[in-house]
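A.B. asks: Okay, here's what each chain looks like letter by letter:
4 protein chains.
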Amino acid sequence: MQLGMIGLGRMGGNMARRLMRGGHHCVVFDMNPENVHRLTADGAVGSSSVDDLISRLTTPRIVWVMVPAGDATEATVESLAERLSPEDIVIDGGNSYFKDDVRRAKALRARGIHYVDVGTSGGTWGLDRGYCLMIGGSEPVVNHLDPILRTLAPGRGDVARTTGREILQGTAEEGYLHCGSSGAGHFVKMVHNGVEYGLMQAYAEGFDIFRHANSDNLPEEMRYDLNLPDIAEVWRRGSVVGSWLLDLTAAALVENPDLSKFTGSVQDSGEGRWTVMAAVEEGVPAEVLSASLYTRFRSRQDHTFAEKVLSAMRYKFGGHVERSGP
Amino acid sequence: MQLGMIGLGRMGGNMARRLMRGGHHCVVFDMNPENVHRLTADGAVGSSSVDDLISRLTTPRIVWVMVPAGDATEATVESLAERLSPEDIVIDGGNSYFKDDVRRAKALRARGIHYVDVGTSGGTWGLDRGYCLMIGGSEPVVNHLDPILRTLAPGRGDVARTTGREILQGTAEEGYLHCGSSGAGHFVKMVHNGVEYGLMQAYAEGFDIFRHANSDNLPEEMRYDLNLPDIAEVWRRGSVVGSWLLDLTAAALVENPDLSKFTGSVQDSGEGRWTVMAAVEEGVPAEVLSASLYTRFRSRQDHTFAEKVLSAMRYKFGGHVERSGP
Amino acid sequence: MQLGMIGLGRMGGNMARRLMRGGHHCVVFDMNPENVHRLTADGAVGSSSVDDLISRLTTPRIVWVMVPAGDATEATVESLAERLSPEDIVIDGGNSYFKDDVRRAKALRARGIHYVDVGTSGGTWGLDRGYCLMIGGSEPVVNHLDPILRTLAPGRGDVARTTGREILQGTAEEGYLHCGSSGAGHFVKMVHNGVEYGLMQAYAEGFDIFRHANSDNLPEEMRYDLNLPDIAEVWRRGSVVGSWLLDLTAAALVENPDLSKFTGSVQDSGEGRWTVMAAVEEGVPAEVLSASLYTRFRSRQDHTFAEKVLSAMRYKFGGHVERSGP
Amino acid sequence: MQLGMIGLGRMGGNMARRLMRGGHHCVVFDMNPENVHRLTADGAVGSSSVDDLISRLTTPRIVWVMVPAGDATEATVESLAERLSPEDIVIDGGNSYFKDDVRRAKALRARGIHYVDVGTSGGTWGLDRGYCLMIGGSEPVVNHLDPILRTLAPGRGDVARTTGREILQGTAEEGYLHCGSSGAGHFVKMVHNGVEYGLMQAYAEGFDIFRHANSDNLPEEMRYDLNLPDIAEVWRRGSVVGSWLLDLTAAALVENPDLSKFTGSVQDSGEGRWTVMAAVEEGVPAEVLSASLYTRFRSRQDHTFAEKVLSAMRYKFGGHVERSGP
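Residue numbers (my numbering), protein chains in the order written: chain C, 7 to 332; chain A, 7 to 332; chain S, 7 to 332; chain Y, 7 to 332.
FYI, nobody ran anything at the bench for these hints, they're computed from the structure. Take these hints with a grain of salt, some might be off.
In this list, chains with the same sequence are indistinguishable; a pair is considered to hold if it fits within one copy or across any two.
With a straight-line cut-off of 20 Å between C-alpha atoms, the simulated EDC-like cross-links for lysine to aspartate or glutamate are [to be verified]: (1) Lys267 - Glu227; (2) Lys105 - Glu227; (3) Lys112 - Glu80; (4) Lys267 - Glu288; (5) Lys112 - Glu88; (6) Lys105 - Glu287.
All chains should be modelled from the sequences, with the hints used to inform the complete structure.
C.D. replies: What follows is the structure, encoded as structure tokens:
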């Protein structure tokens with residue numbers, strides 16, 4: 007199929023490449039002409055503006071937007087809304103808030119344009135490994151896009167089949183899934199990232215406990231100087247905690263056992279925050295997902311104001327003066 | 007009554023003073039002769055060693071130990087065990103672990119010596135305000151100590167009587183309580199401090215949210231530049247969240263509205279840790295008390311190793327490079 | 007001053023009474039004529055509809071809306087917006103979301119009508135004790151309302167003055183505070199309730215640990231059969247954890263030491279949820295406030311779906327069959 | 007090699023089978039003669055008592071204890087200590103607390119007997135998949151056991167090699183690891199299970215949010231009726247959250263999409279509790295691991311006493327009567 011790709015960063019560029027490898031035709035645009043140039047070298051048709059990109063697509067057009075969530079995506083979708091024709095399809099493949107999808111889908115529907123939201127997992131590994139796709143939108147439109155989605159997705163690969171799946175149909179085993187109406191794709195992706203934060207934090211706390219198992223204030227015969235890279239590695243085989251994130255942790259620890267190359271200032275993207283908000287809106291207790299988010303907030307500050315409040319109270323009731331160190 | 011006080015720091019010194027104000031006789035000892043000197047100036051009988059202190063007490067002796075919990079208390083109690091006579095009473099008024107009380111009480115019982123554990127709250131304010139006392143030990147021994155305990159305790163004061171209390175007996179309204187057998191006093195004090203951590207953290211998080219209510223990344227018409235000292239003050243009157251800790255917070259914020267005098271490195275004493283362990287041993291979910299403890303652990307580090315693990319994973323799966331700042 | 011009060015439930019009725027006791031004139035309305043009748047018996051001017059209420063007020067009118075937050079408040083404010091005149095003042099004294107205040111204030115401003123948001127703490131005790139008021143809106147309008155606010159507020163009472171307050175001005179010591187522009191009142195009240203959840207949960211966990219201190223699976227010499235009403239009482243005197251919430255806990259435990267009259271199904275109002283969302287929006291870690299909210303979510307379910315997922319995993323990897331009991 | 011196996015339950019029986027498949031000789035004992043019988047049918051030498059088992063082993067003997075942690079393991083190790091000879095080796099392969107290992111190793115060392123602690127992950131899948139082994143003890147003894155450990159472990163299998171591992175030596179890639187001195191094996195296994203709890207809880211919360219995404223109190227256009235089995239399946243391919251636990255979740259959801267076969271009463275074994283205690287002892291914040299443990303505590307109760315305390319306070323300050331339902 008033919009598809010226009012707007013945004014050729016780490017994600018968009020590789021997705022276009024994977025699509026072309028799969029026999030699809032890509033017309034591409036990026037604010038940075040160098041990114042366009044790199045893709046045309048790989049076989050894409052370049053374009054110099056959104057208008058130019060649109061003019062090179064046959065109707066009904068398919069335009070995949072892969073620019074940063076928030077203002078950039080909003081502006082791109084608005085600009086497409088003004089330029090595209092009824093029956094054209096806009097796909098937001100970024101990390102948008104599902105509530106924005108609902109709003110945008112409604113606005114585009116008023117113009118006869120279809121809107122599809124696709125949550126994408128796979129990171130820099132997706133070009134070869136494929137992208138796990140979580141999709142929201144109306145069924146006929148999503149079905150129409152099936153050849154593209156199937157190419158982007160990982161496929162069954164050598165992942166062992168889930169017992170009981172044999173009798174079921176659907177695309178989940180191929181690594182892409184139509185989750186529901188507009189916003190459903192990004193909703194599922196949002197929670198996916200929330201879960202990801204929780205998984206990461208669970209491993210991180212475990213290795214932190216290992217790291218301090220040799221601490222001076224423990225009884226001498228109960229101190230252990232543990233080999234963290236080896237522990238991560240041994241868990242990769244036969245243990246209950248095996249996962250792709252553990253594989254990455256093992257790789258990182260082999261390279262740099264004390265992780266001294268990292269300061270520990272951890273960003274969070276919107277999804278973790280929105281997941282906590284969704285849990286609160288639904289009335290679902292989400293202790294672990296929240297705690298994982300808060301750890302990241304905390305990691306980017308020298309001290310919280312909350313901690314100063316604690317110190318101030320302690321000074322007031324007990325004359326306690328601050329000391330540092332563990 | 008006559009009582010020997012070992013340990014004349016911030017707590018022990020003032021407790022001896024409050025006892026003398028109440029008409030009791032104190033024989034005092036401290037490793038630091040200056041502390042002894044200061045108390046004798048206030049009317050106490052000084053002593054130059056534990057042996058000297060013991061020799062100045064009439065039998066059955068009462069010795070109140072008010073030295074740092076852990077090794078110092080252990081050594082003092084052991085040394086008293088070797089020197090005292092049957093029917094003498096050792097009181098551990100420090101912040102000992104209740105399991106140590108159980109062990110020590112048993113060891114002293116073998117020598118016919120009584121052991122009483124007293125958890126004490128009141129901090130630097132206790133001299134005038136009185137000390138809230140939580141007591142563990144055998145009933146006749148605790149009853150024998152009643153005159154001392156009653157003097158140390160705050161008494162009813164002008165605290166409004168709890169409806170329904172009129173028909174009850176006991177000393178709780180006087181601010182001291184025999185909680186149960188050995189260890190019970192420190193057990194109740196331990197949880198008291200665990201609760202204290204939780205209360206402090208609740209206020210601290212609230213003021214942290216206020217402090218950031220003017221943040222740049224909020225919509226402009228929803229930013230508030232709040233007056234924190236005034237908020238703490240207004241809550242002191244008629245609101246559900248009024249408390250002594252809030253009073254202290256209000257006082258601290260009036261002096262130093264941005265709490266710039268504090269770095270936010272917050273110590274924890276043993277009680278918070280033991281409370282979490284007790285909850286785990288009992289199978290009681292204690293989310294808030296644990297979170298309050300962990301905040302303090304975190305406050306004393308630049309970064310946790312856990313955070314480096316998160317950064318390492320993020321780098322591995324998405325090529326994410328660390329950025330700092332909120 | 008003259009004031010119209012719409013909504014005469016537990017809060018609105020008593021606020022009108024307190025205002026009348028303070029010499030103000032109240033015109034009142036409630037969907038339930040009985041509530042109106044009760045207030046007229048106490049000296050208010052009754053009215054039979056919003057239109058009727060408006061007609062009985064002299065301009066510029068002051069109308070205090072004290073109906074349930076959400077749809078009821080929205081409808082009432084909208085209906086007032088259509089009926090009132092420029093320079094009239096609408097006060098939302100309920101538990102509205104501060105973002106709704108910002109929106110409503112803007113809408114009313116377009117009609118020349120002033121909007122003031124007031125967060126109110128004090129519950130059923132407010133009639134006598136006064137209401138702690140947190141106020142948002144424009145300064146001249148809030149100043150104009152000062153006589154009313156002062157009457158509703160607790161005043162200084164016998165609460166000890168905060169050291170350092172002598173040289174400061176303002177109304178915080180009187181128990182009411184203009185916090186900032188529209189929404190600021192409900193923002194401060196929102197966090198107030200978030201803090202309240204945290205404080206309550208801290209005590210609750212502490213008493214839960216006490217309650218299980220006698221558990222069979224603890225070593226026999228470390229089991230304590232604690233007297234919870236007495237512990238709550240003793241903490242009321244001289245201890246660091248004293249508070250109004252503790253006073254209430256002590257009263258509840260005296261009446262019903264095992265709290266068997268309560269099932270433990272705990273509601274949450276919007277404020278706890280919004281506080282967590284505000285923390286997330288600001289990037290402030292709020293572990294304790296979140297955990298306190300989640301406890302309430304959890305308390306209203308037999309089992310979460312999350313727990314079933316855990317059981318299903320355990321069954322799959324270890325053949326573990328569910329057992330109940332602690 | 008020849009090895010005695012005491013305890014032929016789900017774990018011990020299959021471990022003996024895997025060892026025999028690997029060419030080792032097993033002498034087996036279990037309190038239940040039927041379990042012994044089943045193993046002899048598979049080629050083991052049966053025995054009728056611990057004494058009988060010992061008499062059938064050539065010195066230096068190797069005895070693997072695979073009975074429930076706690077009293078049963080303690081009794082078995084004690085009984086072996088009395089019966090074995092210097093240079094014999096006792097292996098505790100159960101889920102013992104590492105502090106018990108330290109104590110036991112010391113006691114056995116006094117008799118010249120070696121003690122090795124082995125933490126084992128793999129559950130019911132281990133017979134075919136192999137067991138991930140985490141080992142504590144002195145190096146020469148662990149080296150002596152290498153043939154047995156290698157057979158029990160999964161080996162490299164088809165797990166992709168970690169980049170950077172090529173130049174390293176050691177057994178971690180084979181799925182077994184000598185972690186350090188006595189207790190180190192169970193320490194690493196303990197944290198392994200703590201991490202497992204955290205991973206499980208992260209997925210569980212995510213699916214709980216999905217499960218409630220169709221809730222009545224959400225705006226109608228933002229409700230999603232999600233297909234949970236399909237979501238679990240799609241995440242298995244190309245996504246960041248892929249793991250063996252996710253594989254199991256996908257299998258469980260295919261069989262029983264609403265997990266109605268489970269009540270959600272979730273047991274915890276000692277390891278989760280000890281992990282939290284270890285974190286507290288080390289001063290490491292472990293929010294997620296603690297929250298995961300507390301969820302399980304909570305899951306086994308109708309209501310906590312803490313929740314009753316909250317209800318009691320709410321009743322006291324606001325007259326709030328309990329309602330049930332979400």
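A.B. asks: Sort out which numbered hints this structure fails and list those numbers smallest first.
C.D. replies: Failing hints, ascending: 1, 4.
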